[in-house]
Amino acid sequence: MIDRFRWYEKLGLYVGMAVFLFFILAPFIEGFLVSLKPLSLLFSSPYRFWPENGSLEYYVSIWSSVPLLWRYMLNSIVIAIAATILALCLVIPAAYALTRFEFRGRGTVLGGFLMVNMFSGGVLLIPLYRLLRGFGLLNTYFAMIIPGAAFMIGTGVWLLRAYLLRIPRDLDEAAWVDGASRLMILRRVILPLASPGILVVAIYCFLTAYSQQFIFALTFNSKSDYMPLSVGLFAFFGRQEVAWNELMAASFVGILPVMILFSFLQRYLVAGLTAGAVKQ
Amino acid sequence: MTSTLGARLFAFALLAPALLYVLAIVAWPLVDTVHLSFTNASLRPIPDWVGWDNYVRIFRSGFGDIIIRTVIWTALSVTTKMVIGLCGACLLNAAIPGRALFRVMTMPPWIVPMAIGIFMWGWLYNGQFGMISGLLQRFGLTDRPIAFLAHEDTAFFATVLTDVWIGVPMVTFYFLAAIQSIPKDLHEAAWSDGAGRLYRFRRITLPMMVPAMVTMSLLSLIATFNSFDIIWILTRGGPSGATTTMIIDTYKTAMGSYHYGEGAARAVLVGLCLGAFCIAYFRVIARISRASWRG
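Which chain is which? The protein sequence lines are A and B, in order.
Just so we're aligned: 191 in our numbering is position 191 of the first sequence, and the numbers increase by one with no gaps anywhere.
Just so we're aligned: 152 in our numbering is position 152 of the second sequence, and the numbers increase by one with no gaps anywhere.
Fair warning: there could be bad hints in the mix.
Covered stretches of chain A (in silico footprint by chain B; criterion: 3 or more residues with CB under 8 Å from a CB of chain B, positions within the stretch not fixed) [what the hints assert, rightly or not]:
hint	stretch
1	90–104
2	116–128
3	187–199
Calculated from the structure, these hints are not laboratory results.
Bear in mind that the values here come from a model prediction, so they are computed numbers and not experimental data.
Heads up, the beta-carbon is just placed ideally off N, CA and C, and yes, glycines get one too.
Please model the entire structure based on the sequences and the hints provided.
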């Protein structure tokens, strides 16, 4: 009863929703329509919204005009997956140690992980460049994976810790009394119980690594073969007059795999991120 | 089992890899940045120690303008994100048919690679043929095409708007979670006492959301201050420096003209300014919350 709306309130809510979603989705709608239009229609005045005689031909022609498109997509996914695995291997033990053990300096370490978020790649670019050059890692996948993973560790630890705190300590202690070693408790008790939380952290890491791979890839790699989608398209279309319809078609093809993945996983992501975030 | 020596060693062994990694990739470069900022490092192999020269040169070349521009850009973007995010969260929280679908439809700007979303905005802002200019002309709001990214004022606001667009989904979902964590009894008790929807929003929802708003605005402030991709792809800091924020300026100095030493000095200033803003922000928030407790 408390949630019942009168008709004009409902109308207001739907109008507000429509405006909000239009702001969010307009670039995608327009981008998709552009990908259907021939350049002659695109570059004509006055502006026309609807693609008359539009076609899907640019979704075919991009594969020949951007010969490395499949490679860019693959690179994006490889870099994101590698960074996610690397980050998880570091985050899971660290979060466990920071949840279940008391030692001096724990608060400092937790605070330190949070501080990492303050320094984006932009500030640390020069030393990172020199560091990677020193190890001969410039223009390799590692040049994008290694710094990318570092900036996800802080948030990852905090997200997973919020989840681990909700697993009752009695379970560890029961296993300990039964003679399980510490490593075995982590592997056989905590990991299975924490798997929903780990999944959330994994999705967070993957999406971050996938959507923010720009500045490192732009600066630390100049080989076309290793470029992720964003930098590949940026470099390719920045070269001449922008063929907007092909750029948009390539963009939509490029984001398709992750959109499909996301549509399966969105439920876990929303539930997990929000549960960890606002624990009272 | 959690405080013996064995336990401590085990905890340390678990923590060490992550800690060492962050120290190597974040902390050491930070120290190195400070060190480099006092040298004239460039492509030459051995840099010389130059003391405060870099800093002196930076402040003599109109650095104040860049700081002010960055602050306005950040403040404008964060405020807009908070307002739109709050409206969005309230809308997505309302029990209306289609709510689940609307929630999913809010996410794309967040999960799509940032650069791709920015390409799309690049087209929307196109002067001759872009959608925004086109629609403005059709509705007679302007009689000639506007190339949003070619003029200093419009480019500034255009980059802010794109930053808002990318940030809104995350803010919205965080606020939505905050709204949902408010105990239902509060609303029901007030409702049975005859409190209207707007009154309940002002007296229950808003006050209960203050912690979430403080956290989110701070996170958003840090992310926005460090924002690079949007400006670099849309304008590269132009036209004539109108969108050159501190991060863009650092990047141009260091990577564009290979002045690593001076670039490092600019990076140090970015870090210092960000730290100062965070502290100032905390002070203001603390004062406001103390005042509101008393009032």
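Hint check:
1. 90–104: holds (count 11)
2. 116–128: holds (count 13)
3. 187–199: As far as the stretch 187–199 of chain A goes, the hint is violated, because 0 residues have Cβ atoms under 8 Å from chain B.
The structure is inconsistent with hint 3 alone, although it conforms to all the rest.
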